[in-house]
Structure formats: structure tokens, C-alpha cells
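Heads up: the protein sequence lines correspond to chains V and L, in order.
What the first sequence shows, in the UniProt record's numbering, is residues 1 to 331, in sequence order.
What the second sequence shows, in the UniProt record's numbering, is residues 1 to 571, in sequence order.
No wet-lab data here; the hints were simulated from the structure.
Heads up, a few of these hints could be off.
[As the list claims (entries may be wrong)] Only pairs whose alpha carbons sit at most 25 Å apart, straight line, appear in this in silico DMTMM-like list of lysine to aspartate or glutamate:
1. V:285 <-> L:189
2. V:106 <-> L:490
3. V:285 <-> L:67
4. V:234 <-> V:320
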Amino acid sequence: MKTCLYHPYISRFLLLGVSALLMASVVTQQAKAASMNHAAMEGMDDMDMGDMDMPASKPKPQQSSKPAQHSGHTILPNKSTTAGTSAYPPVTPSAQWPATPPPVPKLHYVQHIHPVMDHNTYFHALLEQFEGRYTPGNSLFRYSGQAWFGTDYNKFWVKSEGLLDGHRRFSDGDHEFFYDRAISTYFDVQAGIRLDVDSGPTRAWGAVGVQGLALYFFDVSATAYFNNTGVAGKLEGSYDFLITNRLILQPQAELNFYSHADPERGVSRGFSDIDAGLRLRYEFKRQIAPYIAVTYAGHYGSTTSVARNNTRMAENGPEDLRFTFGIRSWF
Amino acid sequence: MHIPPVLKGRNVSRRQFITGGSALAALYALKPPKQVFASTHTSGIVPQNASNTFDLTIGWANVNILDKPQRVPTMNGGVPGPILRWREGDDLRLNIHNTLDETTSIHWHGIRCPAHMDGVPGLSFAGIEPGARFTYRFPVKQSGTYWYHSHSNMQEAMGLYGAIVIDPKEPDPNSYDRDYVILLSDWSDVAPHTIINKLKFQDDYYNFRQRTAVSFFHDAKKSGVWPTLKDRMQWAGMNMSATDISDVSGIIYTYLMNGCAPAANWTGIFKPGERIRLRFINASAMTFYDIRIPGLQMDIIQADGNNVEPVRVDEFRIGVAETYDCIVQPQGDQAYTIFAQSEDRTGYARGTLAPHSGMSAPVPPMDERPVRTMVDMGMAMHGGHDMGGMKMHDMPMHSAPKAHAPPLNVENQNRAAMPINRLADPGDGLQNNGRRVLTYADLRATHPATDQRPPSREITLHLTGNMERYIWGFDGKKFSEAEPIPLRLDERVRFTLINDTMMEHPIHLHGLWSELENGNGLYNPIKHTIIVQPGGKLSYLVSADTPGLWAFHCHLLYHMDLGMFRTVVVS
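All chains should be built: construct the whole structure from the sequences, respecting the hints.
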């Protein structure tokens, strides 16, 4: 039966039929188009046709198939033709169709269904540092992470970091809770509280800061803290340097400043301490990346009381360079 | 006995068939329709006859693409769903039964129907509740290739889509012997909400082709150390990435042709010398494809369901939700590969046209991946360095006033300082590739526009977004913060779109046609989805002839869902 349908005579016959039909339709189209063109042009005569034909790149349709335009050109007067076939007819308001937009009606979405979900809340957490820092005979564990929950503009933001030494002493415990508001393309402002909670005495601060992505893809944050003893500041920054798409070198630093020394917490006045790392991570998976690093912790206390009370510094000296490895993860 | 899949000979018009063709009718009757229908989900074969009544079931099905069955919403149990063949002039009844445990909907993409039949939950329609039935009823007033998909809860991204073929009332001007639907889609075992969640944390989560220290040496070797460094600093100085082509890539996507992964090799059978109509539909969530059939030229005869003057090309790009019909006429007794590489070149969909099943042809290597330039940033005049032979015509007269420029804010990262007309530009990754590639400037309608009035006003919209926060929108606002766009009933307006982002956006207006102003005047091509290239500017005319609430959005699904959406109100 296939041979039947595909018999050359049959298909030729059919083709003939189709082409006849085609030609007929083209002819009627031409007639139709001509009259339509004409109708459309009436009432447009007083328009300024000066620069209406735009230099748009015209495709080159095959010569055989150009139904109505030729007839349009020959039948219609010049001026109207220009308007009808103009590439970009100018905006032509009238009394019936003004150029001003109509008032925006009050919309009722059926059953209050929003057609898209662009106002959702998201929860994300990033454990940037989760690492062991080593020197011979002495190891430290440090973590630093943040988590946020909320919409594009309003979020609840938590940051926490701390250091555990071989004697299970917890130091540098810094836990911050913010309301976070997106204010620009790349930056958020944050306001909240900071609690220094660890094995040492507890401190509480009010906190205000900014966090975001500086140009050239630097992740930065700057936060100011205040309580009845004075003010403090923290600057953080990091940069992801892609060696390959999965092997990433990240320099990172955190700097702390205080207006007053707090010997019990090992904090000195002025530029108190820095914690920095050069981490080389491999993103086996985007969300789980082991890393090796060199980390550096420096305390720049000028008073001996600071040194005495800072257990970590007492053991490790004011400048502490260590070999480190850890895992960066997020969800 | 081998039954050739399609012996329809669609150069027989319906009328001929109905009135005179009793002999032909006998032939039709001889064919085993059951066999054909059983495989319509992935066969690409257009059903033999149009129908005006359909009983369709939406339900969960286990679909196994990557050797790990996934429970996804489907129509009649398949991905893609069945090909629906309609007839212009019919009154349709589509009975949908939702057996899912969540609300669903079907939107008829590109179909001009009453607003409450358009299938967007919230807009004149409540969606179809779990267990409920809903009957879509509307007259078919058009013909061509279209498609349908869910407009609910990311079901479309999971597999709830399929093709629509509408027979014209008038005889089809395009003759052909065979008719295949080539429906492209992007499949992932990762759930859409998970994908969005990752992108919200890290916008380049799925991009493993960023510029690195290692690639610096390659680039420096090619273009010199200083230019390479300068280029990289320029991009970094804007917090943008030149390698940002697709938000979601072949890392998690498998690109399907009629539901078949590349290895499964979807095959369409032909006889040498036959004219084959291929109806390409891009039903992907996030992927643009560049399509070619090595060894064959394609005559593009239809775009978005509307006939265009045939254009012979080697290759064309299809944006998400667009359709293109083409005719190919393979002469040789050999197989041909239909090759659809993703725009970012992280994968491809592939199938075969062959005289016998089981044959295949070589699969070409993917092209070099495109890299964004300053043209894409809308700074063509400043730093553009790869303009190729492309012509740049600034669209005069109705260019948007500077005052309209969108704000740089939380939701918008960039402002195209010098947007240009890119209609004659085949798009990033296709310029100067040695092949004849279709551009929007090539499209010319076969029929003049029915509404020939000039526009009475212009609506200018900037396509905006912030990759870092993964927020999308128009004019620096996402859907939930913006007013709807009001149109007067029967008004004719010009939409001018300026793309301030560095990605293509396929913009789809429901319910009304978009007549792309590409310089053909009354013969401007009529589309339902229009790609606006990055740094590009274009316009189209819309006749607001059907009242109601209509969705207007980017058809990259995650852009739409994260804000690049507006409600258009015609009243």
C-alpha cells in the first residue's frame, strides 16, 4: 500500500492540485491585500511621512513568493504606500485611541492565586570555616558560619564563630543576630545584637553593619558594635580566586578594633586582632568542599594584662601561623 | 512487516480527503492506527486525524530518563504528553482530569482563546484542583504548530508539556510527504524548587566553565596578556561574568528530543526524495538550542504557528517556547543527524532522520561555547569587540527616552547604555560560524497583517535582573511589586523591549499576537514568543482584540517564577 500512495503519478497529481490551490490563494490574497492597504491608508494622509521608512535590514525573500507588496505599490498613491509598508509606523494617537495609558484597574486574582512565586522565603546556611589548625603538639578547632532566612528584601541573619583549644576552652565566641535588609544591587544593611559567649566573661553589644559583594567580586562586611563600655568594629573580606572551576584559592581576613581594652577577654585597644587564612578548596560538589590552608592569628595587645589573660596568646604567642585543613559546606 | 510511520501524504488537503477521496479513505483505513497512537508520546508522529474532543488525564508517572525513575506530572502518562491534532474552525472540548494530589493547569501556548480558557491559575481561572475535572472549550481560529504546558507549580519543568498541530482550514501552502513533531526539552532529576534554591544561593552554581587562572593562559596565548587581563578586569569591575550563558546547564540537564535522550536516538523514517515537515518546538524550561541537520538545508516555512516566506538556512536558534516548522528533502539513502546543541554548549539533543530504523549518522562535535561581549552589556559603541559582520541599526524615532532608564537597585544590576537592534544578528555563538543561520530579520509573513492601523501608543519595558540575588523583572521590579499593564480593548500598541541583562529572554504574551517589527511592514512576522537578545532592543505591535487578564513573561521558567512577569489587562 505504500507504493500506492507514493506512486509517482498520484503524487504528481496531488502536487498539481496543491499548486493550483496555492496560486488561487495567492491571487485572492493580492486582491485582498490591495484593498486592505487602501482602506488602511485613508485618514492617514495628513500625517508627516518625512522619515518614516526605517533603514531596517530587509530580508531577501525569494522572488517567487512576494504576494501583495508589488500590487500595493502599483495600485496605491505614493504617499499612502509609504505609510502602509513603512517598517516602523509612527505612534499615531487619536481621540478614540489616546497616547496616554488607561488607568490601571484594580485586579482580582482568582482565589488570590499569584501566577508566580517571586516572593518566597529561602533558608540558607554557609559554614565557611570548619577546620583544625595545627602546630606540632598543639591543635585548635575553629568554625565560622552564617545562616539567613527570609525574602529577597527582609531576612533574619545569624553569624557565629569560635575557637576551641586542646583544653576544651572556648574562646573568641562571637554570635550575632541581625535583621537584614537589601538596600542596593550588591549590599545589605544589618542591625541587631552581638553576644560574646564562650569560656570567658560574656559581653553584649548592639550591632550595625553592611555586608555584600564589592566590585571585582570581593565579599566584604563591616560592622560596628556598641555597648556601655565603648565601641568596636569588625572588617571582613574574602575573595574567590578560581584556579580551575573546582579548585579555588580563597584569601580571607577578619580584623577587630576596640575603643577600650577588655583584658578579661584578651582584647586590646585599637587594632586588637586579626584572623586570616589562605584556603585552597576543591569543590567535589558545590556544597561540600574540603580545603587545606595556612591560617594566621595575630593579637596586637600592648598591655601585659592582655597577654596574661588571653589563654590562647599565652600558649601560642601573639602571632600564630598554622597549617590547617577543613571543610566548607552550605545548603 | 515494517509499517512506515506516516503515510498520510499531507499534500492531500482535508477537503479533498473528505469529499472525493474515497480511495484514499480506504488507504487510510488500512493503516493500523493503534500502533501509531500507542507510540505518539515519543514517536513525533502527528496523529492521523484531527479531533475536536479530547479526554486527557494529568497524573503522576514514573519516567526513567537517567536510569533512575522520577515521579513527575504527565499528561496521559508520557513525557512529552500526546500530540494533539486540531482543526481550524472546530469547536474544541478538552476534558482534563487531574489525578495529581496538587492543583494543575494546562496553558495552550500561542492559542488565541478566551482568557478563562488560557489556563493560567489566578488570571480568570482557578486552576484544576486535585481530583477535579475541567473542560476547556473554545473555537480554533488559527492553524500551525503550537504546544501546551502546565502553568502550575513548576510542573512544566518536570515534564507536563506536549505538542499541538492544527490543520489549516485553507489548503496548506506547504506541501510535504511526512510530518514529524520534534519537541525539545531539558530533563533533570533535580527538582525545580531545588534548582531555584541553589541559584538563589549561588547564581553560577551550574556553570563550571567560568574563566579561571588556567583559562587565562589559554586566552592570553590567543589574544595577548594585556587584552585578556583588561577584558577580565572589565567584567569583574561590573560584577558580571562573560561566561554567563545559561543559568542551568548540561551539568544537570539531559536534552531530550521527543522525550528521547541523545543515546536513545529518536529516529524519523523517510524515503529518499520525500519532503519532510519538521515541527520544532522548544518545550524546555531554561535552554535555547541551535539546530542543524548536517548535510541538509532547511526551508523555514513557519514561525510560532504562522507561515513565513520560505527561508533556506543551515541552522537556526530556537528560544524557549518558540516553534519553527521547516521542510527538508533528503535525497540520499543515508541517515542524517538532527543536532540541537544547547546555547551554552554543555550538551545537545539529538535524533536521526533515516531511511530505515536503526541507522545513524555521525554526531558533529559541539561548537565553541559563546562568550558574552560588551555588545551583550548594551555597550556596543564603547567596548564591543566582536561585532563580526553584523549590521547595527539603531531603531530610530521611537527609541525610549533616557528618562525611562530603569534604576540600578536591588533588583537590577545593569543598564544598557547603548542598546542596539540585533534582529539581523543570529545570536551569541552563531555569528560568523560559516553557516547560513536564520535571524529574526529573515522572517517575513506570507499574509499581510489583519490589523493595519499604526500603533496609538508605545509601551517601553526594560528587561532587568540581578544575577547575584537571582531576581528578575521588568523596569527593575519583579511581578509582586509592579502594577499590571493596562490595554484598552481593540487598542493597537507598540511594545518596545530593551534588554538590560546579559542573557536572552524569550518574552511571551498570552492571548494576543506579537507582530515583530523587523522592517517588513504589513508583512512583519507574527509571533507569540520573541527573543530579546542581550543589549538588544526591538519592538512589536499588539492588537488588544481579546479582553481579559493575560500573562506576559519571560519563558525561561526560573526567570518567570522569580519575577519577570506582568499581568496585561485588556478592558
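We went through each hint and held it up to the structure:
1. For the hint pairing residue 285 (chain V) with residue 189 (chain L), the CA-to-CA distance comes to about 16 Å; that is within 25 Å, so the pair holds.
2. With a C-alpha separation of about 20 Å, the suggested pairing of residue 106 (chain V) with residue 490 (chain L) holds against the 25 Å cut-off.
3. Taken as a hint, the residue 285 (chain V) and residue 67 (chain L) pair is honoured in the structure, with Cα atoms around 21 Å apart against an allowance of 25 Å.
4. At most 25 Å may separate the alpha-carbon atoms for a hinted pair to count; residue 234 (chain V) and residue 320 (chain V) meet this at roughly 20 Å.
In terms of the numbered hints stated before, the structure departs from none.
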